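Number of protein chains: 2
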Amino acid sequence: MDDLLQPLIDGQRRALSRAITLVESTRPDHRIRATALIAALPDRQALRIGLSGTPGVGKSTFIEAFGTMLTEQGLRVAVLAVDPSSARSGGSILGDKTRMEMLSRNPMAFIRPTPSSAQLGGVARRTRETIRLCEAAGYDVVLIETVGVGQSETLVAEMCDLFTLLLAPAGGDELQGVKRGIMEMADLILVNKADGDLLATARRTVADYAGALRLLRKRPQDPGDFPKALPVSAVTGDGLDKAWAEMQALIAWRRDSGHFDSTRAAQARHWFHAELRAGLLAQLDQPHVRAEMARLGDAVAAGQMTPGGAASQMLDRLGRTSALAE
Amino acid sequence: MDDLLQPLIDGQRRALSRAITLVESTRPDHRIRATALIAALPDRQALRIGLSGTPGVGKSTFIEAFGTMLTEQGLRVAVLAVDPSSARSGGSILGDKTRMEMLSRNPMAFIRPTPSSAQLGGVARRTRETIRLCEAAGYDVVLIETVGVGQSETLVAEMCDLFTLLLAPAGGDELQGVKRGIMEMADLILVNKADGDLLATARRTVADYAGALRLLRKRPQDPGDFPKALPVSAVTGDGLDKAWAEMQALIAWRRDSGHFDSTRAAQARHWFHAELRAGLLAQLDQPHVRAEMARLGDAVAAGQMTPGGAASQMLDRLGRTSALAE
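Just so you know, the sequences run in chain order A and B.
Under the working numbering, residues 1 to 326 are what the first sequence spells out, in order.
Under the working numbering, residues 327 to 652 are what the second sequence spells out, in order.
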């Protein structure tokens with residue numbers, strides 16, 4: 001049994017941190033150990049909440065306030081970030097822990113900063129495995145944060161039970177250029193900064209989005225009144241309890257209807273296929289294979305071999321004589 | 327030696343058609359024969375011209391007129407279509423040959439209709455191999471047509487010596503919603519329908535695009551005055567000779583500067599890598615592998631195995647014990 005397993009299950013933060021560092025590593029021996037560790041984890045479940053929002057909507061402040069509220073209800077909260085690019089914007093330059101100062105000192109909360117650089121595929125595996133580690137460590141809620149751009153939303157939606165989009169109040173009837181695809185993934189749209197001077201604007205923005213959401217196709221895993229738009233204020237705390245109540249109601253509905261379990265099963269199957277493809281392609285990253293690929297690539301570039309012929313020869317070397325044909 | 331090789335090299339259309347049907351097939355024995363045939367082809371070169379344009383800009387009429395002009399200059403012209411979706415729009419419902427009736431009856435021209443359905447990856451291989459077949463069969467110019475949407479432009483640009491964008495005259499200064507990425511790939515923008523009532527609009531559109539092109543980043547493989555925008559009329563034939571002269575000038579410049587050869591070498595290397603990845607992943611399409619994946623997938627969905635553990639086990643079965651780790 002791995003030395004990390006028992007202290008991890010006991011909820012020791014240091015063991016959790018070290019286990020996450022392990023799953024983040026690309027070293028072959030670390031990968032083997034990580035796979036075995038993940039396979040040995042007990043089957044505990046947390047609620048996995050995805051949270052997307054472009055920089056400037058107050059995501060850190062929201063997570064700080066929302067996470068603190070959950071811990072006050074006795075829930076243990078883990079916060080992870082998914083961001084395939086190393087260049088993060090705005091306040092996050094100071095680091096995730098600095099962005100959420102109060103939550104980071106909260107013994108009921110665990111914040112894992114984004115690794116400095118990673119590719120989308122690597123981020124997916126790391127995050128999925130980190131979620132499992134947090135669940136095994138006894139966290140009740142795992143918040144997975146992503147910036148509202150690119151493919152990372154789809155990736156997060158594929159590993160969450162619930163997907164939340166955080167927006168800022170917008171003047172007029174324009175919908176802040178939120179991509180339709182991201183809107184369609186959202187179970188809940190929260191319009192932040194619904195306080196002070198922005199309160200009226202925030203309420204109007206909620207109405208605009210509620211209208212837009214009604215035009216979007218209903219999904220079978222939604223009860224009749226979802227997806228919903230709600231106003232919240234991370235600063236005053238207004239609406240946070242209501243948002244949490246809505247999340248719980250949606251999850252309860254999905255559990256009763258069987259969609260919760262069937263979605264998790266489909267996600268696990270999807271992850272299995274992704275790991276399998278990654279494992280096959282990982283052969284090409286081995287140093288001796290790279291060297292041979294470079295040699296054959298030169299021959300192809302020089303016109304001495306056809307691309308298909310070189311691929312065929314390389315696959316032979318990899319012990320896959322018939323792979324190209326089949 | 328393959329029976330098709332000599333008649334193909336002799337330029338027999340029937341042999342070319344049969345060879346293309348062979349490379350389009352996914353049957354394992356056909357794939358082996360196709361790979362061997364491609365490897366045995368003589369090293370003849372045609373000018374590979376990519377042509378993109380949204381439905382309605384008169385692409386078929388342009389290809390008919392432009393292709394006929396080239397054959398009148400003694401050049402043999404092949405026309406291929408790249409379209410990953412089976413649903414083609416507009417006149418093409420009637421079939422590619424019907425769209426280009428004159429050219430399809432021209433003994434100097436060869437038109438290959440789009441296969442009824444195919445995936446993007448499969449289209450890429452088919453088209454690359456078909457280009458090589460057309461070159462071996464002695465065609466001087468291969469026109470690769472694509473509809474101006476999605477990823478197919480990038481795919482075509484990766485297999486062409488020259489990328490042309492065909493546009494319709496547009497009123498005002500709006501740039502027809504042409505994606506910046508596609509604009510950046512274009513070596514030549516041709517504004518079609520520069521005749522009759524639309525002549526003035528077409529000229530203004532050319533000026534608009536010429537301005538836009540100046541704002542785009544210059545590429546090292548471009549001489550100073552490229553990319554260019556020109557007016558053409560597929561109906562009157564005006565500007566077609568000028569367009570061809572510009573294409574020849576650009577290619578001559580690229581040949582002299584070495585960019586022509588280096589681009590082809592890079593394209594071949596890219597194709598090699600794509601074939602290699604496809605060959606590795608093709609293992610997963612074998613019936614007995616699919617059955618085993620389904621069985622493991624069920625165990626993963628039921629929570630009896632972790633996704634990583636199941637992937638690891640599957641990779642072991644495929645003889646890749648260390649692949650996940652490496």
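Incorrect hints may appear among the rest.
To be verified - Covered, in the sense of this in silico footprint (three residues per stretch, anywhere, with C-beta under 8 Å from a C-beta of chain B), are these stretches of chain A: (1) 260 to 274; (2) 304 to 311.
Unchecked claim - Incomplete in silico selection of chain B near chain A, CB under 7 Å: (3) Ala594; (4) Met640; (5) Leu641.
Keep in mind the hints are simulated off the structure, nothing from the lab.
Bear in mind the structure is a predicted one, so any value in this text is a computation, not a measurement.
We treat Cβ as the ideally placed atom computed from N, Cα and C, and that holds for glycine.
Cross-check of the supplied hints:
no.: 1; hint: 260 to 274; result: holds (count 8)
no.: 2; hint: 304 to 311; result: holds (count 7)
no.: 3; hint: Ala594; result: holds (5 Å)
no.: 4; hint: Met640; result: holds (6 Å)
no.: 5; hint: Leu641; result: holds (5 Å)
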